[in-house]
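Novice: Fit chain to chain and form the complex, with the hints in mind.
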Amino acid sequence: MFEIVYKKVLNPTVTLMDIKAPLVARKAEPGQFIILRVDEDGERIPLTVAGYDREKGTIRIIFQTVGATTYKLSLKEQGEYIQDFCGPLGKPTELDGLKNVLIVGGGVGCAIALPIAEELKRRGAKVTSVIGFRTKDLLILEDEFKACSDKLVVMTDDGSYGTQGNVCAPINQMFENGEKFDKVITIGPLIMMKFVVSAVKPTEIPCDVSMNPIMIDGTGMCGGCRLTLIQNGERVTKFACVDGPDFNGYEVDFDEAMARGVMYKDFERHAYEDACNLFKGVK
Amino acid sequence: MAKFNMSLKKNEMPMQDPVLRGKNFSEVALGYTKELALDEANRCLECKNPTCVQGCPVNVDIPGFIKKIKEDDIKGAYAIISKTSSLPAVCGRVCPQETQCEAKCVRAIKGEPVGIGRLERYVADNALTCEIEKQPKNGHKVAVVGSGPSGLTYAGDLIKMGYDVTVFEAFHTEGGVLTYGIPEFRLPKQIVKDEVNKLKNLGVIFMPNVVIGRTLTIEELFEDGYEAVFVGSGAGLPNFMKIPGESLKGVYSANEFLTRSNLMKAYRTNATTPIMKGGKVIVVGGGNVAMDAARTALRLGAEKVTIVYRRSMNELPARREEVENAIEEGIEFNLLTNPVEILGYNNLEDRRDPKNGFVTGVKCIKMELSDPDEKGRRRPVAIPNSEFEIEADTVVMSIGTSPNPLIKQTTKGLEVNKWGGIVVNENGLTSLEGVYAGGDAVTGASTVISAMGAGKIAAKATDEYIKSKA
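Top line first, the protein sequences correspond to chains A and B. Just so you know, this note's numbering puts 116 at position 116 of the first sequence, and the rest follows in order with no gaps. Just so you know, this note's numbering puts 75 at position 75 of the second sequence, and the rest follows in order with no gaps.
If we strip away everything but chain B, and leave its shape as in the complex, we get (with noise of 0.2 angstroms):
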């Protein structure tokens, strides 16, 4: 019988100085040494039913692994994740597993849940080398289209029951969101080389540079042999206000101030791609998104950092652990506020003046939340008459993205609904036979590990569609 560790706290994530980290790039978290993640092991009680299996989008034998971990069979633990997980690395960092797995663990009842994240970035992190069991091959080939999460799930989970896979990507880079999107100071990105580059050495193949919908078609993929397609192309055109000045030089969407930064190494010295930095930023926005775009603009070296957001920190739809990040580094906080206005400089007697069409400001509204409705949502309204400026270099607007338009363009008989996303059912199919969806492109804006669930669960399916029709 294990002895077990009944402390009532996790064991703290050794971190990064936040003043250090607010000028470099490097990764915050620095994971778990030996004796705390055996520490940290040891306050799972191993239940019989472990509910937190049920919390986990892909349910991940969660005690199995950690019982690895207490024997110090790393490998074992490695090997008990990857049954269901294709990408433990980027999980064990991005996935908000206090809303999932240790949102269930009977150890938060009283106390802290066991630090089931910490655990699994350990053990992926220290897992050098892993045997994966592979099927043989059955002669059957998918398509993939995007290669984020939900792709990277799908195409795991197929080629391990040895189907051909190929993944197409439109950029030049496999990864998806998690290349483009998440920092480098919140998931380095050699971490997304080695799972894809896992799943290359398991035999898909990535395309790059193939924008389906446009260089193919899906009724192209189907006419080349494949048998079934999963989208997973993401979230798409980013929203704006619809106020005045979005246009102005300094206001970009968190997708481009993001894309630009981390996909276009914007942020070294020698970069080849531009970005604006420095100066005073505003954040539109209250998501993982603004909390990431406040945070690399820190990083890029702004000397003030202000994230503005209509409701109050109750509100904040970021993750706790991230906002509590972005206020040890400095970030500040303008809550119950929200810009009606881009303000931006524009010298009247020198029309040519260099600095007219760029940024000066943001004039904001106070809010204040109403009485709970019906549904008890407290909406944010404007206090009249109330308005502020704020001085501004650049505005990032990060108020969620709307779905792609170019593969319902481009696809006959594809449902998508009121606001865009693909219409899919439990077994994520969409309205076309052997046509497979998740992740953004149906959701909208959502997290990593669902969008993996939603992977696993068409991979599933598809299994079973290819193997019904033989």
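If we strip away everything but chain A, and leave its shape as in the complex, we get (with noise of 0.2 angstroms):
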């Protein structure tokens, strides 16, 4: 069991958690990921580490609850604990030599971007952060993001807050400007990922994107997590639990990963609404 020492509400959908989980908080990098069970015959599922403090051996998770799984774990308290903690999986995001990057942050996907950015920034390198949201409610870590990036611009869909647009209208615009990276690294929804390597694809410069597909070990046994790279031409099949999660985007088949995740749509659905009348029930 793995007790959970802190618990925020970041917003109406999204929670932040600190789990005790020494071993894992021990080797922890950013870009890994663990797979937790909220309890006994709860379903395995991978989420992100957003941080990590190896003193007092914890992990930081921020999740957004969009299924059965994630609104049980989104009930539990400070205090309590959840079954299962497994982890560090997946291999580190490859930060080395690194001096000028660009970080894009979509919805939840900006919570595994902060560790990313918090690193490079400790190693000296220049960070420009662009993260975006669909609406102002939904803003999670500003502050943590303006603290490690030389310069933050903040997106809304809607425009109730920074600037109104996607988070490709910034980024064309600081190519358009001249703006030199070594790296784009991006993390988000499927649909953003993709259209940001789109936009970053003329310029030739690296850009990195971060995986999250369906999967159950995550160790590499099952094969669930695969997802095809083209390389060469050549369609390249890759386990994102032990080749990824991260993967070169110009390489990814976004379309085949997008429907690949919704492959249990319906079910999740219900197990989402059953979950929800059945706690609804009992407060």
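These are calculated hints, taken from the structure and not from any lab test. Cβ coordinates follow ideal geometry from the N, Cα and C atoms, glycine included. Honestly, I wouldn't trust all of these hints.
To be verified - Keeping only pairs whose Cα atoms sit at most 30 angstroms apart, straight-line, the calculated DSSO-like set for lysine-lysine is:
| hint | chain 1 | residue 1 | chain 2 | residue 2 |
| --- | --- | --- | --- | --- |
| 1 | B | Lys-355 | A | Lys-194 |
| 2 | A | Lys-265 | B | Lys-23 |
| 3 | A | Lys-20 | B | Lys-265 |
| 4 | A | Lys-20 | B | Lys-23 |
| 5 | A | Lys-20 | B | Lys-200 |
As the list claims (entries may be wrong) - Chain A is faced by these chain B residues, among others (derived, beta-carbon under 8 angstroms):
| hint | residue |
| --- | --- |
| 6 | Val-211 |
| 7 | Gly-236 |
| 8 | Ser-253 |
| 9 | Leu-406 |
Specialist: This is the structure in structure tokens:
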């Protein structure tokens, strides 16, 4: 059992938790993920590490309530326990040698982008961050990004905060102004990452994306997390759990990944509705 | 002098009705009654030089335990099996006895061999409690990576010799392939739990949710004071055919399909983990895992399950018994057939059609076997222009696995072969001092009992190694 030592509700659908998991905290690096089960008989879900404190032995997770499992997790309080917590899994984000990086985060993906931005800052790199949300109420981690970025642009789709528009608008503007970066790292919804990759492509700046497909074991056994890279015209199967979760954005077949991501949409919607009804009944 | 039963036939295993069992996940084979067990035990001629023992990868004293059954001393029989096997209830169910102990039985020269596996299971299921001999603690500690059959055997042998043993398991539950791979109807999970609990009672410590190669490395285990490490991390990433359509929704690896059903209990009505159920299911491959996947699909409610295999019935690598069970249950076999493409739904007029991207069928090609090559193997060769389509909603790829790269990537100096399997000598020793390995991580996909045999050999070698250092 793993204790929730700190909990903070960031917005109506996004929750932050620090979980006591010393073995995981000893090793975790930005870009890696964990697999958790909320309770006995629960499903295994992967969540990318949003931060870690090696001394306190805690791992920070920030998650959006999108289904039954994340809903049940969001109901857990500080001091309560979750059943299983395994990691760190996947390869850390490659940050060696980077001096000047553009970070593009979207929605809850910003939670994963943050430790990368922080680590880059700590290593002395110049960090430019663009973070985007649907609307002001969903904004998270603005202060944290401000603290580790040399320049921060906040976008909202509806213009209720920051600048109106999607994250591609300021990126295109930066490129038009002739700004240069060693690398662009983008984390967010698949559709957003796909557009960011298209926007960056003409500049030929390397662009990494963080993939978060459906997973079960997370250790290279089931193959459920497979995705396709297109390398020199060849379609190559990769496994996000052991080969990723970061990939070269120019190579990822996003359309296929988006299709696979909604394989269990109906099941998940029913499970979520059942869970909501069940717990509402209790409360 | 005992009166032997000279019947040429084995006592048949009582089984669940094929039609009924196709709809439930309860165990198919029900086990011998006392009468059947005694009758079968009396078929054993108590050979002076028992060849059956040589056929067993862990050299169970087979005539010895069968003699105890004849005397109706189940505890005694269990004690004899436990001397060399840590998992009798498991082996009695899933060992391929027909190619091992039973293949060497003298009764098989004329007639059927003694039903050794069935008798082993009878003993294991009926020996309620059993004292296991244990040496006093010797102050040395060893680590085990993975709690599958090889790791459990290694742990069981060394704990009995007095070692402190810690087993690290990546999943939330112990058992490895016994838990995630082999279905409930062939190996009830309670049995795996009982075997693990026996080891816990002997003092083995299990650490779930620890991935060696990520959470901890082998190097760190030595730093933490473990004097030897056994790597039994199992087979790894599933293989795919590299044909178009394998990323469509509804295409699973057998590992994923079975893990969802077995480990995550997706077969239960209120399961939290989803799985595609019902409709038409095609399983590609002919091994035991393919049979397990096909029979699982049937029990999940499939209207039709078809095995597609590129060679003929004679070459099916699965155990004959499992193939027969599958046929009885109504699984169809489409042999000398190979998939060339998986077909999917694609509504060009409506890109938002929810059916888009789901499997609709498999395009296959007919195969024929070539003339035997110099090794006598007949290769399957495609017959030109013989393509045809089979309808399907779910396709399960069961064509083997490649070793997991995690431990190799994170362990300096650990030698692997060109397929990625860990290289070991005849004692299970790897290229690193004090690091042993066995099971599928070494051999690639193989059987439970050969993994157990490897665990046993490595346990003995570990004991000798640690004693030689002291």
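Novice: Please write out, lowest number first, the hints stated earlier that are contradicted by the structure.
Specialist: 4
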